[in-house]
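Position chain Z relative to chain C; hints supplied.
Each protein sequence line maps, in turn, to chains C and Z. Mapping to numbering that gives the first Met the number 0: the first sequence position 40 is 39, numbers consecutive. Mapping to numbering that gives the first Met the number 0: the second sequence position 224 is 223, numbers consecutive.
You may find that some hints are simply not true.
Examples of chain C residues toward chain Z, derived with CB under 7 Å [what the hints assert, rightly or not]:
| # | residue |
| --- | --- |
| 1 | Thr200 |
| 2 | Gly211 |
| 3 | Leu221 |
Sample of chain C residues with no beta-carbon within 12 Å of chain Z, all distances over it, derived [as the list claims (entries may be wrong)]:
| # | residue |
| --- | --- |
| 4 | Leu21 |
| 5 | Leu27 |
| 6 | Ser52 |
| 7 | Arg54 |
| 8 | Leu262 |
| 9 | Ile315 |
FYI, nobody ran anything at the bench for these hints, they're computed from the structure. Glycine included, every Cβ here is placed at the ideal spot set by N, Cα and C.
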Amino acid sequence: MGADVDIAGKSSGTATGRRDALSIVLLLLQAGPIIILVTLVVAFGLLAPHFISVRNLQNLLAQSAIVCALGLGQFLVILVRGVDVSVGSVIALSVVTVATLTGVDQPSSIALVIYPLVGLVVGLINGLLIVKGGIPQPLVVTVAMLGIVAGVVLLISGGNTLVGVSPAVHWLANGKVLGIPAGALMVLILAGLFWLLLRRTQWGRWLYAVGGNPDVAQWVGLPRDRLIMSAYAICGTTAGIAGMLYHGRTGSASPLSGVGYELDAITAVVVGGASLFGGRGSITNVLFGALIIATIRSGLQQLDVSPFWSSVAIGIGILVALELDVLRKHIENRIRTLRARQVNQ
Amino acid sequence: MSAASPERISNGISDKRLVLSVREARKAYGFVTALAGASLDLCEGEIVALLGDNGAGKSTLIKAITGIVTLDSGAIELDGRPLRLRSPADARASGIETVFQDLAVFDNLTVSDNFLIGREQTWPRWLGPLGFLSARQEQRQWREHASALSVSHVSPSHEIGLMSGGQRQAVAVARAVAFARRVVILDEPTAALGVRESDEILTMVRRLPERGLSVIIVSHNMDHVVRVADRAVVMRQGRSVGEMDVRQGVQKDLVAMIMGVT
Chain C
0 MGADVDIAGK SSGTATGRRD ALSIVLLLLQ AGPIIILVTL VVAFGLLAPH
50 FISVRNLQNL LAQSAIVCAL GLGQFLVILV RGVDVSVGSV IALSVVTVAT
100 LTGVDQPSSI ALVIYPLVGL VVGLINGLLI VKGGIPQPLV VTVAMLGIVA
150 GVVLLISGGN TLVGVSPAVH WLANGKVLGI PAGALMVLIL AGLFWLLLRR
200 TQWGRWLYAV GGNPDVAQWV GLPRDRLIMS AYAICGTTAG IAGMLYHGRT
250 GSASPLSGVG YELDAITAVV VGGASLFGGR GSITNVLFGA LIIATIRSGL
300 QQLDVSPFWS SVAIGIGILV ALELDVLRKH IENRIRTLRA RQVNQ
Chain Z
0 MSAASPERIS NGISDKRLVL SVREARKAYG FVTALAGASL DLCEGEIVAL
50 LGDNGAGKST LIKAITGIVT LDSGAIELDG RPLRLRSPAD ARASGIETVF
100 QDLAVFDNLT VSDNFLIGRE QTWPRWLGPL GFLSARQEQR QWREHASALS
150 VSHVSPSHEI GLMSGGQRQA VAVARAVAFA RRVVILDEPT AALGVRESDE
200 ILTMVRRLPE RGLSVIIVSH NMDHVVRVAD RAVVMRQGRS VGEMDVRQGV
250 QKDLVAMIMG VT
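Same shape as in the complex, but just chain Z:
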């Protein structure tokens, strides 16, 4: 991370160091153009809302940053260095964690299994995936993270499939946050949740910058956006068409920008 260039955002919106930047991203699925030169900047400790109507290209942009789709052209940089992602595992290794839409958890596993999936420690090491898991160690890892992420009221040994949408989402967010080093991406984290459960998740998100993380959040709920985001980037037809500082009362302006009526 030492060689990172101390680039600054030119528009004066933020003085902070640039963490992630996407330039001129293009992606087509056959004849359908999903991204037509989209750009996005994300600064250290910043929460950026990515907005746009259905089909505006938000999902594809996020999938590109997550390593699920490869761009036709364009550049993604993390801490000033070009980022080449061939798989979600690459993105995770670079410090980017994602909470996917529709509650991306394993319903048949327990809370702590879900939390640690893909990062289990096994012994003896040389056995690889056939090595044994240590239940005690996993419980300890969960406890270490759980209190910091305000999910300590969730019991680690419960099967996650029997929990409410909010509890499951809380675990999914906790999983991403605990292991992310640079960026957390949240795709519609409150879409399936009730009012109070949404509150819990939004509070959790609002506190992420304290951990030195930058956040991209996709949401259709303008009230939620206004409550958590510092800045909003609006996409239309595969391009980023505008951005604005987020504060109380800008909901109408944001909706107008999304719809393209100014």
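Isolated chain C, as found in the complex:
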């Protein structure tokens, strides 16, 4: 870990040794998602003969694009100690709104803007309710919103499924650029933008700060409420984008679109190592988290294991990831105590 940073500039052998060992465990925990992903791909590759084929990998990327898009926004919300369960319904709302507004006979490219706009509106309402409405449980607020939006979708669609989708959206979801699924490429570019915003701008650093310690954020004068609102607004927007990919893949606007996707989105973020305690995680690990889910699903499918088992596997994955997060917190505390003991000896 390079130079020692003790206040007194002193160190003693055993404590330093133990601290370094703990630091290595911490680094391993941070690298966890990529290690798990590689292990899974290799394992399925050995077990299922066709798993590592161009076709299957293309399919896997295309499948995971929707969860990746959802995960990007969900990560921002989880970063500021929240959660957004309404994203599954937002997929349906964006799909049904576009189908109703633009019609299916002459689908137009304006639709490309409508999907994210619909999501943005729902995201802003979520953010307003949580920040200004003073309801302290984001989970409950967004569960309520999940139900409300699902109901609105049924009202708009009358329960009917409209078949058809605009060619641009169809291409985004199914086309390929140099062999890479277009949807996956779009999500990758989006992820790059998110990375830049989070790691290189003041807004990004403030978002991490609010997640790390909301009280201190307010004391030092950060616009805490607006930062939290922005996270929910962006989460809604990415859910709208996910709706666009969903529409393109299914080719029809069912009012039941996106049911259950909120769980996949939250799982991707948590399995990707973001902390539900807030303030920790990275965009790259969210992508790995989404790929881990897609890999488990596709791998078990290739092995002819009942799809019911993949739910069990993913559920266990969430629990393991959460326990590892608790372990990380514990190790960090140990490192701190060892440092303090050394300094005060």
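Showing chain Z alone in chain C's frame:
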């Protein structure tokens, strides 16, 4: 600052110019009276210890000076001018910086991120908070301040959550001191620290008047108070009930005054 009135403290304790003064501060939370007419004077380059038992009103008084709570009545003046604080940001803009109790840092950010939080410079300017940060410039800003504040041994790129309480407190104090222009308020700066770490922090505090800063320090540790403070103000039941010059051996008198047994 030019129009500041050259008021002097009447009791002859100090000849220096008055920087901060709180008069007849009152604040009630529902039926609970936190401040019942508290007053406090702070002179240029002076370190004043604010003492009192739990519930004496110290925290509320400090929160009023920091802009976290608004007084029901009373006046706060800075350099002879009335100070109206609606938020912590107002207090910072007026040159008052605070180190809050319980290690007020962001554990998930690095040392230099913590040091500069809320004051980052971005480019291009018109992008506002969406502007980019310059890592090189931030490192430079840290180096400029770090050596003057004796925290140069702390690595700016380390995550602060993995550091000991003393190191984190040192960064919190450095953040307040580097950007304060008039007053630094320290709320129990040594409460969570071991002996040697407390020493480091107290040494840092003792040197603040050299930078032209005035300090208010809240502490329950009488030995620490005696080591850093010039003067002690004692509060009881929301009022300032007495004050005394601080020198070696007054611990017992201070404790008696806090307890109200004379």
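Each hint, compared with the structure:
no.: 1; hint: Thr200; result: holds, 5 Å
no.: 2; hint: Gly211; result: holds, 4 Å
no.: 3; hint: Leu221; result: holds, 6 Å
no.: 4; hint: Leu21; result: violated, 9 Å
no.: 5; hint: Leu27; result: holds, 15 Å
no.: 6; hint: Ser52; result: holds, 41 Å
no.: 7; hint: Arg54; result: holds, 40 Å
no.: 8; hint: Leu262; result: holds, 26 Å
no.: 9; hint: Ile315; result: holds, 27 Å
Hint compliance for this structure: hint 4 alone is broken.
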